[in-house]
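K.L.:
Based on the hints, put chain D in the right spot on chain A.
Listed below are the residues making up each chain.
There are 2 protein chains.
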Amino acid sequence: MAKVNPYEVSGNIDYEKLIKQFGVSKLSPALVKKIGTDNLLVRRGGFYAHRDLNKILKGKFAIVSGRGPSSKMHLGHLAMFKAIRDIQKKHGCFVFIPFSDDEKMLVKGHDFNEVRKMAIENAKDILALGFDPKKTKIMFDLTDMNQDIYNLAIRASSKLTLSTIKATMGFKDSKNIGSFFYPAIQAAHILYPTYKYNVPTLVMVGMDQDPFVRLTRDVAEKLGLKKPGDLINIFLPGLSGSGKMSSSDERSAIYTTDSKKDVEHKLKRAFSGGKETLSDHRKYGGNPDIDASYLYLKYFFEEDDKKLKQIYQDYKSGKMLSGELKKYAISKANTFLEKHQSARKKVKLERYLI
Amino acid sequence: MAKVNPYEVSGNIDYEKLIKQFGVSKLSPALVKKIGTDNLLVRRGGFYAHRDLNKILKGKFAIVSGRGPSSKMHLGHLAMFKAIRDIQKKHGCFVFIPFSDDEKMLVKGHDFNEVRKMAIENAKDILALGFDPKKTKIMFDLTDMNQDIYNLAIRASSKLTLSTIKATMGFKDSKNIGSFFYPAIQAAHILYPTYKYNVPTLVMVGMDQDPFVRLTRDVAEKLGLKKPGDLINIFLPGLSGSGKMSSSDERSAIYTTDSKKDVEHKLKRAFSGGKETLSDHRKYGGNPDIDASYLYLKYFFEEDDKKLKQIYQDYKSGKMLSGELKKYAISKANTFLEKHQSARKKVKLERYLI
Numbered sequence: 055m056a057k058v059n060p061y062e063v064s065g066n067i068d069y070e071k072l073i074k075q076f077g078v079s080k081l082s083p084a085l086v087k088k089i090g091t092d093n094l095l096v097r098r099g100g101f102y103a104h105r106d107l108n109k110i111l112k113g114k115f116a117i118v119s120g121r122g123p124s125s126k127m128h129l130g131h132l133a134m135f136k137a138i139r140d141i142q143k144k145h146g147c148f149v150f151i152p153f154s155d156d157e158k159m160l161v162k163g164h165d166f167n168e169v170r171k172m173a174i175e176n177a178k179d180i181l182a183l184g185f186d187p188k189k190t191k192i193m194f195d196l197t198d199m200n201q202d203i204y205n206l207a208i209r210a211s212s213k214l215t216l217s218t219i220k221a222t223m224g225f226k227d228s229k230n231i232g233s234f235f236y237p238a239i240q241a242a243h244i245l246y247p248t249y250k251y252n253v254p255t256l257v258m259v260g261m262d263q264d265p266f267v268r269l270t271r272d273v274a275e276k277l278g279l280k281k282p283g284d285l286i287n288i289f290l291p292g293l294s295g296s297g298k299m300s301s302s303d304e305r306s307a308i309y310t311t312d313s314k315k316d317v318e319h320k321l322k323r324a325f326s327g328g329k330e331t332l333s334d335h336r337k338y339g340g341n342p343d344i345d346a347s348y349l350y351l352k353y354f355f356e357e358d359d360k361k362l363k364q365i366y367q368d369y370k371s372g373k374m375l376s377g378e379l380k381k382y383a384i385s386k387a388n389t390f391l392e393k394h395q396s397a398r399k400k401v402k403l404e405r406y407l408i
Numbered sequence: 055m056a057k058v059n060p061y062e063v064s065g066n067i068d069y070e071k072l073i074k075q076f077g078v079s080k081l082s083p084a085l086v087k088k089i090g091t092d093n094l095l096v097r098r099g100g101f102y103a104h105r106d107l108n109k110i111l112k113g114k115f116a117i118v119s120g121r122g123p124s125s126k127m128h129l130g131h132l133a134m135f136k137a138i139r140d141i142q143k144k145h146g147c148f149v150f151i152p153f154s155d156d157e158k159m160l161v162k163g164h165d166f167n168e169v170r171k172m173a174i175e176n177a178k179d180i181l182a183l184g185f186d187p188k189k190t191k192i193m194f195d196l197t198d199m200n201q202d203i204y205n206l207a208i209r210a211s212s213k214l215t216l217s218t219i220k221a222t223m224g225f226k227d228s229k230n231i232g233s234f235f236y237p238a239i240q241a242a243h244i245l246y247p248t249y250k251y252n253v254p255t256l257v258m259v260g261m262d263q264d265p266f267v268r269l270t271r272d273v274a275e276k277l278g279l280k281k282p283g284d285l286i287n288i289f290l291p292g293l294s295g296s297g298k299m300s301s302s303d304e305r306s307a308i309y310t311t312d313s314k315k316d317v318e319h320k321l322k323r324a325f326s327g328g329k330e331t332l333s334d335h336r337k338y339g340g341n342p343d344i345d346a347s348y349l350y351l352k353y354f355f356e357e358d359d360k361k362l363k364q365i366y367q368d369y370k371s372g373k374m375l376s377g378e379l380k381k382y383a384i385s386k387a388n389t390f391l392e393k394h395q396s397a398r399k400k401v402k403l404e405r406y407l408i
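Protein chains in written order, with our numbering: chain A, 55 to 408; chain D, 55 to 408.
Extracted from the complex, chain A is given alone in its bound form (with noise of 0.2 Å):
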């Protein structure tokens, strides 16, 4: 069964049951136009559901898309972080990116200096995709938790029961007290932008994160604040075929670290949607539907929709082989990565603290 809660998504996932289950809204292919933007996740599916999201589109708004810290990104993450980047430049709206390494400390019991070192790596590769450095702004909760936050962050905490918290996150009473807290802050987290330029956030977020957000819509309702809405992303399959990507699952995604060698070696062993022996795939063609490098190719890399129709109609047919499909999509990755590495390194972070 598909398990699916702030701490935990496993199995296989059925959208329209989550949707109906979490009561959120369908996203729909008119709403998607709205948006405004031909980033690929947005217009190849990568969303599928949403909060308020047509009534948040009508005027000015910020996003917040939190980040909580992991050894590693993979280009899972980067994708929803492009999406964001693209909707700010399309709207040009403020975005702030917290990065919980408190929730990390407290819920996950990482060690301090562990979580700040991957914090400030996974800035970079956020930051690295070319945010507007004047409309953007991080944060890392531990360090630099800033006292505009805190003070929602209390205030949000005296709206929320821990009987509301204990039903929404399951925590026991022999979990520490941080953890019982820590939704006041990703409340606070999602105000931020509410409280200093009164305009409603959205909130972009895997459906495991949609528990906090309506919290923070209640909360927001009794401070008198603009209500946040969401935009929710399609857990985006990992390269083993089943499963999303893991960043503590070194075989089921691309990291934004890997060397193009390393690229080579996932992408060939990735899930592969054509026919065992070669006679058969040119008989009966491949699955592009369920292919890891197809899927990479339609959600990070191939930018030209004719062209990526091309290998979905070559690659169904048995015209394109699995190992051309690959070699193709090992190609897009490296050529992305070369660049996203090198805009990396500099990246100042200073410029975006808040």
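Calculated directly from the structure, the hints in this document are not laboratory data.
The model shown is predicted, which means the values in this text are computed figures rather than measured ones.
Among the hints, a few may not be true.
The list cannot tell twin chains apart, which means a pair is met if one copy fits it or any two copies do.
30 Å max Cα-Cα, derived DSSO-like pairs, lysine-lysine [as the list claims (entries may be wrong)]:
{"hint": "1", "residue 1": "229", "residue 2": "213"}
{"hint": "2", "residue 1": "126", "residue 2": "213"}
{"hint": "3", "residue 1": "220", "residue 2": "276"}
{"hint": "4", "residue 1": "276", "residue 2": "226"}
{"hint": "5", "residue 1": "171", "residue 2": "281"}
{"hint": "6", "residue 1": "171", "residue 2": "280"}
{"hint": "7", "residue 1": "399", "residue 2": "352"}
{"hint": "8", "residue 1": "143", "residue 2": "250"}
{"hint": "9", "residue 1": "250", "residue 2": "88"}
{"hint": "10", "residue 1": "109", "residue 2": "226"}
P.N.:
Just chain D now, kept in the frame of chain A:
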């Protein structure tokens, strides 16, 4: 039955029992001498219990004494801060006075703007006593949260389970999550000087706040920081002769903002240890130990030990009448308040902000 916990102090206090109940040490006259100040409250029994004071006095230390903002401050509050000022003078120690406006909002449900106003007024009262500006810092949690203190609070919160907090505070699940988290903030207040200067903190509080200190001692150990100790004051008697002074009961105390007429009015109506008739008083004498005016002289106004002793004897023998005692106390109180109210106007809070 007397009740003492962080959120309630009522009934008649049995100090010996409290010492046992809270597991603190009784303050010996020898240890009082080691404090080394001739502060009235210190040398006249205003403190009665402690944790680790002997150990702390052996080296450098800091003092932390917070203030939960109240609409007014009374002389009991000031007496405590005067003792802190005098210990600072003697030992040259760093003093940190955090204003827990956040706690007032969370636990007591006060309005933010209201608490803010009270905190500022309270801070002026405290600083008017004349702390060393180079060694004294204040912080209003809700508007000036310091990044080191937030960091400490999160680390403290990772070491405190919800079960522990529930057992200590007695809150129900219907209480807001901020109330459960607040002990971590208080721990951070206490541990801040230790974190910053590597000296142990002496917390100067009433017994009602000792549970926080106990929690913080555990936290300090787990974070590898020096353990704080505390010095616990008696609940200073109210004007009515029973119960302690209160910020919310107008008749129970002399406030820092009282006019000369207020003081006269209050002390004239204050609980007296005198006899009902003049002749009985002359014959049997009064009881200074329960006389509010005498106790005000003892703890707040009469620096001269000989003079105080004379008053004690004269009142006890019946030579001094209640009216005479009251008149003397009124004049002493008004002299103090006149000076205090003038000093209060000159306080520049910005000099002390963390």
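K.L.:
Each of the hints needs a verdict: does it hold here or not?
P.N.:
Against the structure, the hints:
In this homomeric assembly, residue 229 and residue 213 come within 30 Å of each other (Cα to Cα) both inside a single copy, at 21 Å, and across copies, at 9 Å. Only between protomers do residue 126 and residue 213 lie at most 30 Å apart by alpha-carbon distance; the minimum there is 27 Å, versus 35 Å within a single protomer. Proximity of residue 220 and residue 276 under a CA criterion of 30 Å is satisfied in both settings, with 20 Å inside one chain copy and 26 Å between copies. In the homo-oligomer, the alpha carbons of residue 276 and residue 226 lie at most 30 Å apart both inside one protomer (27 Å) and across protomers (21 Å), since each shortest distance falls under that limit.
For the identical chains of this complex, residue 171 and residue 281 are inter-copy neighbours only, at 29 Å across copies versus 33 Å inside a copy, given an alpha-carbon limit of 30 Å. Proximity of residue 171 to residue 280 under the C-alpha cut-off of 30 Å is restricted to the inter-copy arrangement: shortest distance 26 Å between copies versus 34 Å within a copy. For a Cα distance limit of 30 Å, the shortest separation of residue 399 from residue 352 inside one copy, 27 Å, qualifies, whereas the shortest one across copies, 69 Å, does not. Only within a single protomer do residue 143 and residue 250 lie at most 30 Å apart by alpha-carbon distance; the minimum there is 21 Å, versus 43 Å between protomers.
Proximity of residue 250 to residue 88 under the C-alpha cut-off of 30 Å is restricted to the intra-copy arrangement: shortest distance 26 Å within a copy versus 52 Å between copies. In this homomeric assembly, residue 109 and residue 226 never come within 30 Å of each other (Cα to Cα): the closest approach is 37 Å inside a single copy and 38 Å across copies.
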